[in-house]
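Protein chains: 2
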Amino acid sequence: MKIGIIGGGQLARMLILAGYPLGLDFAVLDPAPDACAGPLAEHLVAPYDDPEALARLADTCQVITYEFENVSLEGLSRLQDRARIHPPLTALAESRDRLQEKSLFRSLDIPTPPFVAIDSREDLAEAPKCLGWPFLVKTRRFGYDGKGQFLIRTAADMDAAWAELAGRPLIGEGFIPFDREVSVIAVRRASGETAFYPLSENVHKSGILHLARCRPGDAAAAQAQEYARRLLERLDYVGVLALELFEVNGRLLANEMAPRVHNSGHWTIEGAEVSQFENHLRAILDLPLGGTEPVGHTAMVNFIGVLPALADVLAQPGVHCHFYGKAERPGRKVGHATVRAASAKALEARLHHLLALLP
Amino acid sequence: MKIGIIGGGQLARMLILAGYPLGLDFAVLDPAPDACAGPLAEHLVAPYDDPEALARLADTCQVITYEFENVSLEGLSRLQDRARIHPPLTALAESRDRLQEKSLFRSLDIPTPPFVAIDSREDLAEAPKCLGWPFLVKTRRFGYDGKGQFLIRTAADMDAAWAELAGRPLIGEGFIPFDREVSVIAVRRASGETAFYPLSENVHKSGILHLARCRPGDAAAAQAQEYARRLLERLDYVGVLALELFEVNGRLLANEMAPRVHNSGHWTIEGAEVSQFENHLRAILDLPLGGTEPVGHTAMVNFIGVLPALADVLAQPGVHCHFYGKAERPGRKVGHATVRAASAKALEARLHHLLALLP
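Residue numbers (the working numbering), protein chains in the order written: chain A, 10 to 368; chain B, 10 to 368.
Errors might be hidden in some of the hints.
[Unchecked claim] With the Cβ distance kept under 7 Å, some of the chain A side facing chain B (calculated, not the full set):
#1 P30
#2 H52
#3 Y57
#4 A324
#5 L367
[What the hints assert, rightly or not] Beta-carbon label-pair distances, calculated as ranges:
#6 A:A318 <-> B:R338: 43 to 53 Å
#7 A:A199 <-> B:P368: 53 to 63 Å
#8 A:R341 <-> B:P60: 37 to 47 Å
#9 A:K11 <-> B:R130: 26 to 36 Å
#10 B:K11 <-> A:P60: 51 to 61 Å
#11 A:V54 <-> B:K156: 37 to 47 Å
Derived from the structure by calculation, the hints contain no laboratory data. Ideal Cβ positions, reconstructed from N, Cα and C, are used throughout, including at glycine.
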């Protein structure tokens, strides 16, 4: 069986590495000739919305999936009669517009930070009435890793933000001084079987995920899973779905969802019985899901911009290296490492040593 | 860094899957256009001793390794000035001739079953004087998975064996009614660091490995490791080395060695902190070796000739599937599964269910 993946970055790469042991074959569609999943599979070098390349995927692959939200929804929609596409395009459409996404949360009684549509300079001026101070203004689409957003502390900040963002659909969001950020990685197959990984507790740096700890037995897990379950069912979802939430005074507020495998779930490769990557593949092929229970105590550290020396990483006990084969560039995710230990205390000690390798 | 692998079968495939997360690239040399490692890497379709293909590997790869013993020793020897080749060709030369191999064991005070060179029909007739009855006659080279060998129970069996084997260098070996077969997977990097996995206890069926259980804390481990250590040091070895031994009345007798990753070590993918595949790559790149300690209780079951249905395998908790992407054919290794559980007892229960799927 062959799986087509739109996008040939590290998420595609890790899906492929998880899929070969299941006897699967892969094709990726990515316009970059040096896309890091390219060497591992058939690589169609073409724009994401290239009709011929998409048709080729549809003709040669049993299932088509995608590794990021900014794929061509229009291109994929045209293929729906010819190919199975998972996760469903409705989930993709909802998740890639922050306003639609938060409205979906609201419609499912999933609490969110306050938010408001901003379609004009007047809307921006009025936003603090609804959101309080400070607040965030973000593009509704194409934002990731903290890109395309401004923190508005005073009315004076509005002009600079507007100069940068005007002309694009925007959303204002209340700025939440949260106690922590968590995410839940959920997975559902077509026949309805659903599973959840233990919560990830996430730390960001400059808007990019820096560190994610697996938190088995976390008190917030049941609530987070319940919210994820509502999304899975409403969307008739198939595949892995990630839901990021803020915890504020013991209450969870949904921040955003991603209809795909997610950076905060990378620890599952070594830290769960079956990884999010393998479970995504099982789900989209409607195969029995694998165990999501933790294996040891694990955390994941992202390598952003530059990689530490391979020998330094491998010298550390319990550390598992994932270099993506991408050129180093400031702000780019070029690899990660999973740290595994037999106890929570040993994990923190190992993590401390690993973090010391970072610039 | 790019690694060249001679041979593009499942061992190459699993090396490649272990190597991409380290940021490595791969080229395989295999004459079969459908070699199962082909889709995962650059695939040079040429005979194993093709000078141009070998030169290309030497020119583009930092290290060359091999996945089976019957590669072209002559071809590789010619490259030694141009490329690093690990494991060392001396180990390859010793291991692929059963007589040299057993003589090497003997020279290192590693006990073996009785053996004798058979170079003529007269030698065959004389062999039982040295070996007793019954005994085995085997080709010295190109034997694997029980191929190229005969059990001689009476003098009458000799003619049939001779008719089949005459003209090839042969060895006679005492037939050992062993209590069990074990193997030790050892790994050594150029700078001398050495590590050993827990013993594997192996069960064969029709001469092919059927089942291997990881046996942490086995009483025979220290002795087996000591024998492996002598081999590693004598051969100035770099990479993974497997040593198979018979246990007879509490005593270990070396049966054979393999200068490569080994089927009886496949459980290390899920059952050890770092797999034999990753450790082979670390060793040949002279990088720090990874932990060999067990993760849970594991066993490995080979799929020979035919694969069970993927959904049936995946439905079993703790079972990890490894399908090789090879066409099914009687006697061919087409996949394996690792079973992992939290206790030895739970492992046996899971193993029982998995074995029930086999034909």
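Here's how the hints hold up against the structure:
1. P30: holds, 5 Å
2. H52: This hint is violated: A:H52 lies away from chain B, its Cβ roughly 11 Å from the closest one there, beyond 7 Å.
3. Y57: violated, 23 Å
4. A324: Where the cut-off is 7 Å and the nearest Cβ of chain B is about 4 Å from A:A324, the hint holds.
5. L367: Where the cut-off is 7 Å and the nearest Cβ of chain B is about 17 Å from A:L367, the hint is violated.
6. A:A318 <-> B:R338: 43 to 53 Å: Holds, since A:A318 and B:R338 (Cβ atoms, about 45 Å apart) stay within the stated range.
7. A:A199 <-> B:P368: 53 to 63 Å: violated, 29 Å
8. A:R341 <-> B:P60: 37 to 47 Å: Because 41 Å falls inside the window, the suggested range holds.
9. A:K11 <-> B:R130: 26 to 36 Å: violated, 55 Å
10. B:K11 <-> A:P60: 51 to 61 Å: 35 Å Cβ-Cβ, so the 51 to 61 Å window is violated.
11. A:V54 <-> B:K156: 37 to 47 Å: The hinted range 37 to 47 Å holds for A:V54 and B:K156, with Cβ atoms some 44 Å apart.
Checked against the numbered hints given earlier, the structure breaks hints 2, 3, 5, 7, 9 and 10 and satisfies all the rest.
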